[in-house]
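If you read the sequences in order, they're chains D and S.
In this text, residue positions in the first sequence follow numbering that gives the first Met the number 0: the first is 0, and each later residue adds one.
In this text, residue positions in the second sequence follow numbering that gives the first Met the number 0: the first is 0, and each later residue adds one.
What the hints contain is simulated information worked out from the structure, not anything from laboratory work.
A few of these clues could be false.
What the hints assert, rightly or not - Simulated pairs of lysine to any residue, SDA-like, Cα-Cα distance not exceeding 25 Å: (1) D:Lys-69 to S:Leu-361; (2) D:Lys-69 to D:Gly-88; (3) S:Lys-69 to D:Asp-27; (4) D:Lys-30 to S:Met-28; (5) D:Lys-69 to S:Ser-39; (6) S:Lys-69 to D:Leu-375; (7) D:Lys-30 to S:Leu-361; (8) D:Lys-69 to S:Arg-60.
What the hints assert, rightly or not - Covered stretches of chain D, as calculated for chain S (at least 3 residues, CB under 8 Å): (9) 268–280; (10) 307–315.
Note that the coordinates shown come from a computational prediction; the quantities given were computed from them, not determined experimentally.
Where a beta carbon is used, it is the ideal one built from N, C-alpha and C, also for glycine.
Each chain, letter by letter, is given below.
2 protein chains.
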Amino acid sequence: MKVHSAHRRDLQNLDDVDPLSGMRDLFDMRKDHVFFNGNSLGPPPRSTGSRLQSVVRDQWRIDMNASWWKYEWLNLPRAVGDRIGGIIGAAAGQVVVAESTSVNLFKLLCGAVRAASARSQARTVILTDHDNFPSDLYIADGVARHFRPETTVRRVPTDSIVDHLGDDVAVVLLSHVDYRFGRLLPMREITARAHAAGALVLWDLSHSAGVVPIDADDIGIDLAVGCGYKYLNGGPGAPGYMYVSSRLLTDFEQPVTGWLGHAEPFDFEADYRPDPGIARLTTGCPPLLSLIALDEGVSVTSRADPRDVRAKSIALTEQFIALARTRLARFGVEVTGPTAAAERGSHVSLRYESAPRLAGELASRGFDVEVRPPDLLRFGLAPLYIRYVDVFDCVEAMEQLLDHIA
Amino acid sequence: MKVHSAHRRDLQNLDDVDPLSGMRDLFDMRKDHVFFNGNSLGPPPRSTGSRLQSVVRDQWRIDMNASWWKYEWLNLPRAVGDRIGGIIGAAAGQVVVAESTSVNLFKLLCGAVRAASARSQARTVILTDHDNFPSDLYIADGVARHFRPETTVRRVPTDSIVDHLGDDVAVVLLSHVDYRFGRLLPMREITARAHAAGALVLWDLSHSAGVVPIDADDIGIDLAVGCGYKYLNGGPGAPGYMYVSSRLLTDFEQPVTGWLGHAEPFDFEADYRPDPGIARLTTGCPPLLSLIALDEGVSVTSRADPRDVRAKSIALTEQFIALARTRLARFGVEVTGPTAAAERGSHVSLRYESAPRLAGELASRGFDVEVRPPDLLRFGLAPLYIRYVDVFDCVEAMEQLLDHIA
Chain D
0 MKVHSAHRRD LQNLDDVDPL SGMRDLFDMR KDHVFFNGNS LGPPPRSTGS RLQSVVRDQW
60 RIDMNASWWK YEWLNLPRAV GDRIGGIIGA AAGQVVVAES TSVNLFKLLC GAVRAASARS
120 QARTVILTDH DNFPSDLYIA DGVARHFRPE TTVRRVPTDS IVDHLGDDVA VVLLSHVDYR
180 FGRLLPMREI TARAHAAGAL VLWDLSHSAG VVPIDADDIG IDLAVGCGYK YLNGGPGAPG
240 YMYVSSRLLT DFEQPVTGWL GHAEPFDFEA DYRPDPGIAR LTTGCPPLLS LIALDEGVSV
300 TSRADPRDVR AKSIALTEQF IALARTRLAR FGVEVTGPTA AAERGSHVSL RYESAPRLAG
360 ELASRGFDVE VRPPDLLRFG LAPLYIRYVD VFDCVEAMEQ LLDHIA
Chain S
0 MKVHSAHRRD LQNLDDVDPL SGMRDLFDMR KDHVFFNGNS LGPPPRSTGS RLQSVVRDQW
60 RIDMNASWWK YEWLNLPRAV GDRIGGIIGA AAGQVVVAES TSVNLFKLLC GAVRAASARS
120 QARTVILTDH DNFPSDLYIA DGVARHFRPE TTVRRVPTDS IVDHLGDDVA VVLLSHVDYR
180 FGRLLPMREI TARAHAAGAL VLWDLSHSAG VVPIDADDIG IDLAVGCGYK YLNGGPGAPG
240 YMYVSSRLLT DFEQPVTGWL GHAEPFDFEA DYRPDPGIAR LTTGCPPLLS LIALDEGVSV
300 TSRADPRDVR AKSIALTEQF IALARTRLAR FGVEVTGPTA AAERGSHVSL RYESAPRLAG
360 ELASRGFDVE VRPPDLLRFG LAPLYIRYVD VFDCVEAMEQ LLDHIA
């Protein structure tokens with residue numbers, strides 16, 4: 000599929016044979032815009048609005064509180080978790096949906112630090128990438144500051160992570176795909192190195208799940224969190240998810256011990272007793288309406304073959320990079336991020352000094368992209384609904400705009 | 000309004016002059032059922048379903064991620080918080096919506112324990128009622144177990160709380176209205192006693208906000224949490240809310256330090272720097288669709304005059320108790336909970352040995368009540384949509400059913 004063509008017709012031909020072309024119709028999208036920011040918030044599946052209406056009108060209204068049992072709302076955090084498990088290569092019972100990525104990360108990091116110190120008191124370091132997503136860094140710092148005074152956070156450059164795997168490392172915290180430049184880290188290799196050094200590994204899958212195949216169980220990762228509203232199309236502020244390997248689950252303790260994590264939430268026992276399974280990671284009632292929307296997003300996303308998704312993701316990013324290099328370099332636009340497809344997620348960032356202005360002009364032409372100040376334009380190339388011609392049209396529009404600006 | 004009549008017509012007369020009678024039409028409810036379990040999950044406002052549809056179709060679909068700014072989604076946790084502030088007597092900027100009651104309680108308790116120990120190292124006790132809602136007890140235990148090893152939780156009988164206000168108490172954690180028997184604690188008196196003893200007070204308003212007038216600022220409470228899906232009618236698993244008095248806010252630190260609590264969430268600074276205001280209590284993206292439903296519920300609830308609500312709540316519970324005593328005592332049905340209206344919230348529990356069976360029979364007659372095993376039937380008398388005749392009809396149905404059972 001290595002066609003880097005200057006001709007729109009060639010890209011149209013790729014769309015015509017795209018095995019994912021039918022997926023696009025499952026989303027309710029404007030015809031007059033192309034959203035290259037679906038990696039910040041994916042578009043609504045067609046089914047989401049009507050499902051929400053139905054939940055309000057036919058379930059909540061009719062059966063009120065009994066709906067939690069009658070329509071299995073109570074089980075939905077685990078059921079949707081299992082469906083996400085299908086996307087990230089996790090067998091049932093290891094993924095659950097709750098709160099937000101950051102709250103979930105807090106729970107897992109606290110549990111990981113505790114588990115590591117039980118193995119060895121000397122393991123007190125959370126090792127992470129200094130370019131990790133800021134909220135992940137803030138949460139790690141919060142755990143160190145508030146949770147266990149002996150914990151420290153060590154931020155190091157991405158490429159030297161494995162060099163810092165000393166016997167003081169409790170847990171390695173990394174994003175599978177970097178939020179800015181789309182760099183995809185070698186999960187299998189890093190996990191193996193961390194395990195060899197006696198550390199746990201916690202992966203943030205927010206920018207990879209749904210576009211990059213993940214074999215959580217096969218690789219043997221320990222812990223993961225991820226976001227529901229990017230490539231899983233779960234809607235604004237969709238709850239996040241947690242993965243805890245069944246190897247760790249029985250002894251895994253998280254500190255936010257609310258009733259829904261109890262083994263018998265409705266027995267109202269005097270003391271907390273964690274659920275034996277993944278529900279021990281939950282705390283309070285899930286935000287059901289948002290969870291319903293996530294269920295729709297995950298269900299739609301699950302219908303695509305992950306191999307097709309990855310193949311198209313690579314083809315889209317390669318195409319975009321080749322076109323941008325060919326047609327935009329003369330305006331000082333620089334393609335950032337990994338050059339090898341194997342090291343790239345599904346978004347590409349361009350560096351351009353007047354990035355905010357260019358993004359504004361692009362939006363007025365119907366191409367929505369995201370600006371990372373001061374000079375980055377981020378293009379999410381979501382294979383389920385971005386077409387090859389969209390890539391062509393967007394680069395062409397940029398060329399015309401830059402010609403005009405220049 | 001002290002009419003305890005055996006005649007349905009007298010109750011119909013009360014409905015006819017009820018200043019809240021118009022509120023009922025704002026909810027989308029079945030005509031063939033009366034829900035006395037609205038204190039577990041309030042009914043949907045009529046506007047909720049269509050607002051959700053509109054948010055999906057006209058905002059999310061059209062403007063995607065830009066909706067967070069364009070439609071002020073980002074500000075909604077504070078805006079809805081301020082509206083809840085209006086219901087609980089809190090000036091703007093002290094209430095914010097996030098996650099669930101239990102997660103919020105975790106944040107506030109951690110912050111309270113930290114704040115108290117900064118005042119005095121000797122203050123290490125979370126003092127609470129041993130009949131408090133189990134999740135509140137579990138969370139307190141979780142804070143003690145995981146957060147600060149020197150913290151202990153002291154559970155004492157409700158009536159002896161003020162006797163345990165020693166100089167080792169960091170924070171008093173109480174439910175304003177007891178979830179089982181509807182006992183309403185004297186918030187002003189207990190808060191004053193706790194303050195005199197140098198302790199902070201954290202109130203759980205889940206069973207009072209929306210039915211009992213609360214003067215958070217005037218009383219001078221320190222901290223509060225509450226639930227969005229009971230009397231605030233915010234929908235299943237609606238996010239909860241936190242109140243932090245402006246007296247404490249500047250120095251208040253909570254441990255789950257995610258990006259949305261940052262002073263500049265979108266600047267992606269290297270280090271966490273808490274928002275100067277109430278947003279420091281937030282962590283990750285709010286579950287927007289659930290938050291929209293909460294906004295609708297709170298908006299509808301806010302339209303009632305709190306004095307009318309309290310007056311009707313008292314009248315409904317008095318009526319219910321009088322009718323139950325008169326007509327059900329001979330079957331061994333016992334009215335539990337406070338006898339004085341001033342000590343009662345808006346629900347009443349009856350004790351009956353075959354409570355589950357009676358609840359089942361009542362449901363088949365169109366009266367939905369909640370069972371607290373083994374022998375309690377809980378009746379939520381929500382003044383916004385429960386009518387006086389509903390109370391009459393329900394007690395009459397119970398009498399007929401018990402006659403048949405006996």
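(request) Check each numbered hint against the structure and report the violated ones by number, ascending. (result) 2, 4, 7, 8 and 10
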